[in-house]
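Student: Take these sequences, add in the hints, and give me the full structure.
Now for the letters of each chain:
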Amino acid sequence: MNKAILSAVLGAALLATGCSNLQSNTASIRDLNDPSVSGHVLAEQVCSMCHGVGGNSINPTFPRLAGQQPAYLVEQLKAFRSHSRSDVAGYQYMWGIARSLTDKQIDELAQYYKGQIPVPGPARNAGLVAQGKAIFLNGVEATGVPACASCHGPQGYGHDGFPRLASQHDNYILKQLSVFKHTNDRYTGMGTMMSPVAYNLSGDQAREVAAYLSSQP
Amino acid sequence: MNILNWNKNFNRLREAVSTQAPVELWRTAAQKATWQGVSIALLATVSTVASMDAAAVPLFARQTGQNCQACHAGGQFPELTPYGRMFKLTGYTLGQRTSMPVALMAVFTSTSAPTNSSPNVPGSPQVGGVGTPNNGTPTFATASLFAGGKLTDSIGMLAQYSFDNYAGDTGQSGRMFSDNTDIRYAKHIINNQTDLIFGFDANNNPGVEDVWNSSGAWGYNVVPGSAGAGPSALQPLLLSQGLGQQAVGAGAYMYWNKTLYAELSGYRTGDGVFSFLTHNYGQTYIQGTNPYVRLALTHDWGTSNAMVGYTYFDANVYEGAVGSSLVDEHRDNMVDFQYQYLLDPSVVTVEMADANEQIFYGGGGATDTINTFRAKASYTYQAHYGASLSYFNASNTANNTSFQGCADGTAGNVGQCGAEGWTPEVYFMPVQNVRIGLQYTMFSTVNGTTLNASQNNTTMLYAWTAF
Chain G
190 MNKAILSAVL GAALLATGCS NLQSNTASIR DLNDPSVSGH VLAEQVCSMC
240 HGVGGNSINP TFPRLAGQQP AYLVEQLKAF RSHSRSDVAG YQYMWGIARS
290 LTDKQIDELA QYYKGQIPVP GPARNAGLVA QGKAIFLNGV EATGVPACAS
340 CHGPQGYGHD GFPRLASQHD NYILKQLSVF KHTNDRYTGM GTMMSPVAYN
390 LSGDQAREVA AYLSSQP
Chain X
2 MNILNWNKNF NRLREAVSTQ APVELWRTAA QKATWQGVSI ALLATVSTVA
52 SMDAAAVPLF ARQTGQNCQA CHAGGQFPEL TPYGRMFKLT GYTLGQRTSM
102 PVALMAVFTS TSAPTNSSPN VPGSPQVGGV GTPNNGTPTF ATASLFAGGK
152 LTDSIGMLAQ YSFDNYAGDT GQSGRMFSDN TDIRYAKHII NNQTDLIFGF
202 DANNNPGVED VWNSSGAWGY NVVPGSAGAG PSALQPLLLS QGLGQQAVGA
252 GAYMYWNKTL YAELSGYRTG DGVFSFLTHN YGQTYIQGTN PYVRLALTHD
302 WGTSNAMVGY TYFDANVYEG AVGSSLVDEH RDNMVDFQYQ YLLDPSVVTV
352 EMADANEQIF YGGGGATDTI NTFRAKASYT YQAHYGASLS YFNASNTANN
402 TSFQGCADGT AGNVGQCGAE GWTPEVYFMP VQNVRIGLQY TMFSTVNGTT
452 LNASQNNTTM LYAWTAF
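First to last, the sequence lines map onto chains G and X.
The working numbering applies: residue 190 is where the first sequence begins, and numbers increase by one.
The working numbering applies: residue 2 is where the second sequence begins, and numbers increase by one.
Here are a few chain G residues that sit away from chain X, every Cβ distance over 12 Å (derived from the structure): (1) Pro335; (2) Phe351; (3) Lys370.
Derived coverage of chain G by chain X (criterion: at least 3 residues anywhere in the stretch with Cβ under 8 Å from a Cβ of chain X; other residues may be distant): (4) 229-239; (5) 243-249; (6) 282-290.
Each computed DSSO-like pair below joins lysine-lysine, with the alpha-carbon atoms no more than 30 Å apart: (7) X:Lys259 x G:Lys364; (8) G:Lys293 x G:Lys267; (9) G:Lys364 x G:Lys303; (10) X:Lys259 x G:Lys303; (11) G:Lys267 x G:Lys303; (12) G:Lys322 x G:Lys303.
If you're looking for bench data, these hints aren't it; they were derived computationally from the structure.
Beta carbons: idealized from backbone N, C-alpha and C, even for Gly.
Tutor: Set out below in structure tokens:
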């Protein structure tokens with residue numbers, strides 16, 4: 190009995206070592222302080238644990254990164270690294286991740302996520318989505334909310350430093366709108382543009398536009 | 002309490018530290034513990050850690066630069082989040098090596114429980130607690146030093162050395178010993194098509210390698226000193242850590258597609274070259290290599306994740322010294338379930354573990370069984386305030402005369418150690434690495450009978466910190 194177990198364990202061990210030799214071209218490095226590790230490897234070995242492989246995260250605590258605009262992603266990673274983006278979840282989770290990333294790794298990470306295909310979120314209440322779409326495309330004239338589309342693009346795909354919002358988790362969108370509205374934690378770089386927008390948006394309007402965006406492909 | 006006072010208290014502590022070796026300090030603090038002492042230590046801790054930034058707290062937080070709640074559900078250490086489990090399964094290697102790969106943990110408790118000698122007689126002692134109930138005197142219960150973390154790109158370790166203030170035979174003289182140790186080598190093959198983690202693990206406590214906190218080591222309800230686990234005489238080996246720091250084991254594991262986890266390990270006596278991993282007293286000997294099998298199915302969806310699992314452990318334990326002719330086989334089967342809801346500001350966790358141990362005596366004769374069921378649900382708000390409710394129910398047979406159990410003639414139920422009850426708890430985490438909690442354990446059964454069970458009800462106030 191005991192010999193059988195020992196051989197099973199040893200067998201599994203040998204098998205696994207064999208696998209690792211076969212796979213030796215696939216780096217399995219999770220070191221965040223090694224500039225020789227490529228952004229691609231970090232994205233798969235580290236970021237995937239929260240943001241999902243390919244950047245389609247499951248839990249809305251973690252924003253989706255698939256298809257995100259590279260210029261925006263670079264800006265955010267640098268803002269985490271320099272601590273200029275200091276919203277609570279940002280410093281709790283991302284400051285440590287970004288602290289030793291090199292500019293080159295950051296560029297490679299941005300290219301990696303640009304190449305990933307976003308998966309739209311689950312369908313939302315049709316009424317909310319329709320209201321949200323109207324706000325996104327036309328803004329709210331009465332309270333001076335500009336059309337989101339004017340900066341984030343007609344389909345919410347973003348461009349350059351304007352982030353992609355389509356297929357983002359609605360809970361994450363709501364959280365960021367509240368960060369822009371109530372704090373200065375993202376009042377840095379291009380973030381200064383969003384504060385006046387969020388300031389005039391009511392809670393209901395924010396929920397509507399978030400429902401619309403999260404269900405967009 | 003203002004900052005000035007905090008600092009004053011902190012300075013008092015610092016003065017004390019500078020004149021005595023740390024262990025000596027803890028020892029003295031323990032012996033002289035008073036509410037004042039505990040509160041000074043606590044305040045000092047709070048004020049020190051509050052002034053550090055998030056990247057300066059324990060070992061793994063330093064290594065990853067992240068907040069405790071990235072890995073611990075709602076910040077309730079030691080319960081792990083899916084990310085915390087991945088961190089452990091990938092060998093504690095994520096992040097960057099730190100210049101200070103150590104952390105300290107300390108637990109202060111104040112337990113109030115009856116003290117007479119017979120549990121089923123009014124005013125009798127608590128049955129479940131670890132160590133000696135201290136009747137309301139705030140006491141420094143245990144402290145640990147953690148060392149290790151990321152060693153190479155594939156190898157990492159968590160080694161705990163503890164100072165148990167209750168460990169001595171005379172009750173209050175503590176000692177330092179090698180506690181939970183877990184060393185891993187792990188590879189992660191991941192891309193858009195495949196996701197496979199596989200690794201090897203060596204440890205000194207069956208179950209300490211587990212990432213779902215259902216075994217005794219790192220199990221839920223593990224606030225050191227809790228009464229809610231039931232009497233230790235009655236815990237299956239797997240849950241009681243009966244072989245913790247007695248056996249050493251090694252094995253292989255894999256986690257495929259964040260769906261299927263499988264592990265096979267073998268445990269043997271931790272003597273000879275392995276004795277640095279074990280207690281230097283009261284060695285329990287097991288015969289040959291004993292199998293430990295762990296299977297789990299997991300799923301993540303939306304804000305939730307769940308697990309159903311199975312653990313098997315079969316150990317041949319010598320009744321006496323090695324080579325003694327009597328070897329008892331302890332065969333454990335455990336089914337467990339876990340659910341988590343994680344989305345700021347709320348964290349909900351639900352856990353259940355149903356374990357059965359069969360004991361086959363080397364001397365022949367009737368066999369015995371132990372059954373335990375434990376469940377816990379918790380809610381934590383903003384990783385600061387929380388409440389939990391646990392239920393435990395343990396029972397046993399006492400067929401074989403060699404099953405000592407808890408002989409209690411008064412109650413007329415010799416050998417019955419069963420306990421059942423509930424533990425409601427409230428807790429507060431003023432900063433991410435300090436937890437202050439109040440537990441009340443209500444017994445409905447003690448020693449297999451409801452007779453006077455509630456006389457054993459126990460209140461425990463604790464402060465748990467790591468830095």
